[in-house]
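**Student:** So you can see what is in the structure, the chains are spelled out below.
2 protein chains.
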Amino acid sequence: MTIYHARVEIRLKPAHVDPEGQTTKKALTDLNYRVEDVFTAKVYEIDLDAPSLDKAEELVDEMSRKLLANPVKDDYEFEVREVK
Amino acid sequence: MTIYHARVEIRLKPAHVDPEGQTTKKALTDLNYRVEDVFTAKVYEIDLDAPSLDKAEELVDEMSRKLLANPVKDDYEFEVREVK
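These protein sequence lines map, in sequence, to chains A and B.
Residue numbering for the first sequence follows my numbering, starting at 11 and increasing by one per position.
Residue numbering for the second sequence follows my numbering, starting at 11 and increasing by one per position.
These are calculated hints, taken from the structure and not from any lab test.
Be aware that a few hints might be false.
Cross-link-like lysine-lysine pairs, in silico, DSS-like; alpha carbons within 27 Å at most [as the list claims (entries may be wrong)]: (1) B/K65 with A/K36; (2) B/K23 with A/K52; (3) B/K35 with A/K94; (4) B/K52 with A/K23; (5) A/K35 with B/K76.
Listing some non-contacts, in silico: residues in chain A with all C-beta distances to chain B over 12 Å [stated by the list, open to error]: (6) K23; (7) A25; (8) T34; (9) R44; (10) L63; (11) D64; (12) M73; (13) P81; (14) V82; (15) K83; (16) R91.
Glycine included, C-beta positions come from ideal geometry on N, C-alpha and C.
Isolated chain A, as found in the complex:
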């Protein structure tokens, strides 16, 4: 087996309100910053065992759909690379 490093980024779908983003925007505005918009995202950095890069990508996609992202409200994207 080989170790692969995956970076998964999860953000709310455009149609969904981002409460944390809005709260942060208000806080920054209250501190007198001229902020137009704030959006938040979550990143998971995962080291996993897999027999090949293709298989690692398949597994990370599965992990994202099954656990890391909520398919109703989240979009996700990921990159996978072999760890030398």
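Given chain A, work out where chain B should sit, using these hints.
**Tutor:** Quick look at chain B alone, frame taken from chain A:
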């Protein structure tokens, strides 16, 4: 004024335990994924008004230190670009 787009990524300092990362690692392991390690990070995407790129970078650094990151436990990094 010009609109700049900043991407701020905040993660725990290496010495700090990542409870969410550990919880996610356990959940993935329970789903039979061969996961070695999981770390989490937070991303803020901010659109802000500023007179120049240098000033925008200065403001984003300030925002990170004052509000977005906890200087005791967090490291942060950011990129700023002009929005065409």
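**Student:** Would the non-interface assignment of A/A25 survive a Cβ cutoff of 12 Å against chain B?
**Tutor:** At roughly 17 Å from the nearest Cβ of chain B, A/A25 sits farther out than 12 Å, so the non-interface label holds.
**Student:** If we take the beta carbon of A/M73, is the closest beta carbon in chain B still more than 12 Å away?
**Tutor:** Nearest chain B Cβ is 6 Å from A/M73, so the label is violated.
**Student:** Beyond 12 Å from every chain B Cβ: check whether that's true for A/D64.
**Tutor:** 16 Å, holds
**Student:** Examine each Cβ of chain B, and state whether all of them lie more than 12 Å from the Cβ of A/P81.
**Tutor:** 16 Å, holds
**Student:** At 12 Å, judged by beta carbons, does A/V82 keep clear of chain B as stated?
**Tutor:** Given a closest Cβ separation of 19 Å, the condition holds.
**Student:** Quick one, are B/K52 and A/K23 close enough, alpha carbons at most 27 Å?
**Tutor:** Holds, at roughly 17 Å.
**Student:** Checking a non-interface call: every C-beta of chain B should be farther than 12 Å from the C-beta of A/T34. Is that right?
**Tutor:** Violated, because the least Cβ-Cβ distance between A/T34 and chain B comes to about 6 Å, which does not exceed 12 Å.
**Student:** Keeping to a limit of 27 Å between CA atoms, is the pair of B/K23 and A/K52 held or broken?
**Tutor:** OK: B/K23 and A/K52 at ~17 Å, within 27 Å.
**Student:** Checking the smallest CB distance to chain B, is A/R44 really beyond 12 Å?
**Tutor:** 4 Å, violated
**Student:** For A/R91, is the shortest CB-to-CB distance to chain B above 12 Å, so the non-interface label stands?
**Tutor:** Non-interface label on A/R91 holds, nearest chain B Cβ at 14 Å vs cutoff 12 Å.
**Student:** Holds or violated: B/K35 with A/K94, Cα cutoff 27 Å?
**Tutor:** With Cα atoms ~22 Å apart, B/K35 and A/K94 stay inside 27 Å; holds.
**Student:** With 12 Å as the threshold, tell me whether A/K83 passes as away from chain B on beta-carbon distances.
**Tutor:** Holds, since 17 Å exceeds 12 Å.
Consistency note: the structure conflicts with the earlier hints numbered 8, 9, 12.
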